[in-house]
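What follows is the residue order along each chain.
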Amino acid sequence: MKQLASPKELEAWRQEILAGVDPERPCLRVCDGTGCRALGSQELLGKLHEALNGDGGENGKVDVVATGCPGVWEQGPLVSVDPQQIAYMRVSPDDAEAIVNETLGTGEVIDKLLYKDPSNGEQIVKEPDLPFSSLQTRRVTALSGQIDPCRIEAYLAHGGYAALARALYDMDPEGIIDEVTRSGLRGRGGAGFPTGVKWKFCRQSQSDEKYIICNADEGDPGAFMDRSLLEANPHSIVEGMIIGARAMGATAGFIYARSEYPLAVEHLNLALAQAREHGLLGENILGSGFNLDIDIRLGAGAFVCGEETALMASIEGRPGEPRPRPPFPAQSGLWGKPTNINNVKSWSSIPLIIANGPEWFAEVGTEKSKGTAIFSMVGKINNTGLVEVPMGITLRELIFDVGGGVPGDKEFKAVQIGGPSGGCIPADHLDAEIDYDSLSKLGAIMGSGGLVVTDEDTCMVDLARYFMNFVQEESCGQCLPCRWGTRVLLDILTRICDGEGEPEDIGRLEELAPMVKVSSLCGLGQTAPNPVLSTLRYFRDEYEAHVIEKRCPAGICRGLITYEIDEEVCTGCMVCARNCPVDAISGEKQEVHHIDTDVCTRCGMCMQVCKFDGIRVY
Amino acid sequence: MIALTIDGKEIEVETGRTLLEAARENGIHIPTLCYHEALKPYGGCRMCVVELETPRGPRVVASCTYPVEDGAVVHTETDQIGQLRKVAAQLLMARAGHTPFIQELAASVGVDSTPYTLPTDSCVLCSRCVRACQEIVGIGAISMANRGSDRVVAPPFSISSADCIECATCVQVCPTDAITLKLITDRNRTVHVWPSEFARGACRLCEYHADEWMDVGAQEQTVHG
Chain E
1 MKQLASPKEL
11 EAWRQEILAG
21 VDPERPCLRV
31 CDGTGCRALG
41 SQELLGKLHE
51 ALNGDGGENG
61 KVDVVATGCP
71 GVWEQGPLVS
81 VDPQQIAYMR
91 VSPDDAEAIV
101 NETLGTGEVI
111 DKLLYKDPSN
121 GEQIVKEPDL
131 PFSSLQTRRV
141 TALSGQIDPC
151 RIEAYLAHGG
161 YAALARALYD
171 MDPEGIIDEV
181 TRSGLRGRGG
191 AGFPTGVKWK
201 FCRQSQSDEK
211 YIICNADEGD
221 PGAFMDRSLL
231 EANPHSIVEG
241 MIIGARAMGA
251 TAGFIYARSE
261 YPLAVEHLNL
271 ALAQAREHGL
281 LGENILGSGF
291 NLDIDIRLGA
301 GAFVCGEETA
311 LMASIEGRPG
321 EPRPRPPFPA
331 QSGLWGKPTN
341 INNVKSWSSI
351 PLIIANGPEW
361 FAEVGTEKSK
371 GTAIFSMVGK
381 INNTGLVEVP
391 MGITLRELIF
401 DVGGGVPGDK
411 EFKAVQIGGP
421 SGGCIPADHL
431 DAEIDYDSLS
441 KLGAIMGSGG
451 LVVTDEDTCM
461 VDLARYFMNF
471 VQEESCGQCL
481 PCRWGTRVLL
491 DILTRICDGE
501 GEPEDIGRLE
511 ELAPMVKVSS
521 LCGLGQTAPN
531 PVLSTLRYFR
541 DEYEAHVIEK
551 RCPAGICRGL
561 ITYEIDEEVC
571 TGCMVCARNC
581 PVDAISGEKQ
591 EVHHIDTDVC
601 TRCGMCMQVC
611 KFDGIRVY
Chain P
619 MIALTIDGKE
629 IEVETGRTLL
639 EAARENGIHI
649 PTLCYHEALK
659 PYGGCRMCVV
669 ELETPRGPRV
679 VASCTYPVED
689 GAVVHTETDQ
699 IGQLRKVAAQ
709 LLMARAGHTP
719 FIQELAASVG
729 VDSTPYTLPT
739 DSCVLCSRCV
749 RACQEIVGIG
759 AISMANRGSD
769 RVVAPPFSIS
779 SADCIECATC
789 VQVCPTDAIT
799 LKLITDRNRT
809 VHVWPSEFAR
819 GACRLCEYHA
829 DEWMDVGAQE
839 QTVHG
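Protein chains in written order, with the numbering used here: chain E, 1 to 618; chain P, 619 to 843.
Extracted from the complex, chain E is given alone in its bound form (with noise of 0.2 Å):
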């Protein structure tokens, strides 16, 4: 076990690392994070292990290694054959032999396992060709995937902890305080704030003891960026904490991680240990007489605790709910101590700002928010996974060409950005430019980076209820406005979707929905309307369809719509009749069927199972 006690035996070992890594070795990348988990990956390591014989790993001829997601998930279980780079989708385990035979020993590439460009059905053998990987711009996720995060060595390979050496050595704390304030990073959890300041905030406040703060509470529903890296590349997000703790004066650190991301957890246990055994971490760190340590504090699960306040509540033991600011963390945080909190993308961007200089960082992005930003796109959009993108990217650009657009035949109709404090912005939007500032204008926020598309068939009053059920839930109650406010909002909501709703309700909805947002506690609160809010901005002839005309146009809302059968259409095939789980389909073989719509449950399955497209919606 190496302890490096300077620098220069950090480089030395990294030189000897980087003197047995053979470029021209045949290795199977495997992505082994919780999605392609799920898909079976581990199996499919499994077969490829038995299908090597013995073959694979360091003592063999062929390296297998586990990476964490290279962001596209919907493909998974994914395999990358180097050094061809050739990237393998919807890998199954009994692929595995054809991988290693023909791929491996004749060099063959397997067509039924490539990905198939759903515009033109072109196949694409390369990896980096993938018009999902071409158009990003890989920054803080460029490693994910790419190596295996539970070696310490192959992040040293990649230039790993040379930040904080040069953190450490070369730079006093205003020093790096600076260059995180010139590279105009601004927070990744989602309000945005700029880095640098906050830092300096924290650095003068004068105490015997300070904390530092990974917020890696992630809740957003169908957002994982932050699970995607803790998985694919811990040790970006522990350097980043070693240098912040260094520029803020720091004395201990905590990671605030969800007990709901288990692999997540592993991997970053790991990466702690690894960084302690080697002296990256604990007493002396590097030699520099400059100590500290990290532990990770686990979450029970509760949206709230993503909320700085309502997180060191819950790290001191006490209940996850927020206090009011002032005094702000940075004075009185953890235990009344001065705390900083940055969200996992932050952290895992300084180590980049201070290898690369603030100039590489603010080469891309707008004038007030520098760097990438990290989506998850979900939803209606053909290639589903997690992206990094320039900010200033459009949304257009982002939804069609990285996110290859909506599936099927189906109109584009808006986007929710920002998870469910975030806002839903429609078509005629499309060519805004995606940062903080412009965002926030359109009624949504840059969030976390959930990122949720909707086509023609989703109901924005749906939608909208959706989100406020969700937080209606994840409420802790404290404040009024959030406790009973997001309650009457979603009765409301729901009410609407019922067809029960009364013309008088738009107003209920935007009398109550700014008193939420801005006599909220908290930022749960006060971003908790916003669906509502932005939906009502720009979809408020939907709300008018359903309570004035009593009619759901996407035809979603069980209690607005009707189905019958189209006399033109029908067969009598009798398949609908069989289907339907309440009998409410009567007709004679070969003769045309009809729905009685008082025992109708809207249920939609004569629709899924008719074959001749036979069943209409009013």
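Derived by calculation from the structure, the hints in this document are not laboratory data.
None of the values given here were measured: they were computed from a predicted structure.
List time: in silico DSS-like cross-link candidates among lysine-lysine, alpha-carbon distance up to 25 Å:
(1) E/Lys410 / E/Lys116
(2) E/Lys611 / E/Lys589
(3) E/Lys126 / E/Lys61
(4) P/Lys658 / E/Lys337
(5) E/Lys112 / E/Lys126
(6) E/Lys517 / P/Lys704
Covered stretches of chain P (in silico footprint by chain E; criterion: 3 or more residues with CB under 8 Å from a CB of chain E, positions within the stretch not fixed):
(7) 731-738
(8) 761-769
All C-beta atoms in this analysis are idealised placements derived from N, C-alpha and C, irrespective of residue type, glycine included.
With chain E held as given, fit chain P onto it using these hints.
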């Protein structure tokens, strides 16, 4: 000392006071619900919101928790503040419009009815009882349980608490009489919905015998705050 302006009035107060205290000490009325002089400020009911002037425009803060700052300019009666208090009062009316305290509080901000519906309960979750039990009595026999609109005040597991000393401080501080004291026998009392099986006639803290201050003959009695 700190100098600030509230509703155009120049005020000097000691460092560490809150905007609410500064206003009240100077005869400026701000409505409150969860605030209680004997308890730490909580910031839960949001009735005491005021507007603070900032370089980026007016900012709404809860006056009970916001500390006085030198040069601060505060407005307690703007249109926005009126609107925020109105909606808060309407929500309170939806929850506990049957209680005289809430009716009076709502009336003080011009609200006598509500367009909203909530499950009704006399408890408005102001947390005065919970804080009193913790901060004044030092026991912590009750706390908030559950999240959001499911939130309730309860002893652990909602069963009889061996920690409760039945001092009735919670009864005293409850603004809406949601906590009542019942005499089961002349020696056994029970608080609210948390029946106590512990025979205890007096508060353990003050050694004050229940018989001496309560009408022993009454089978049920409410102590008003």
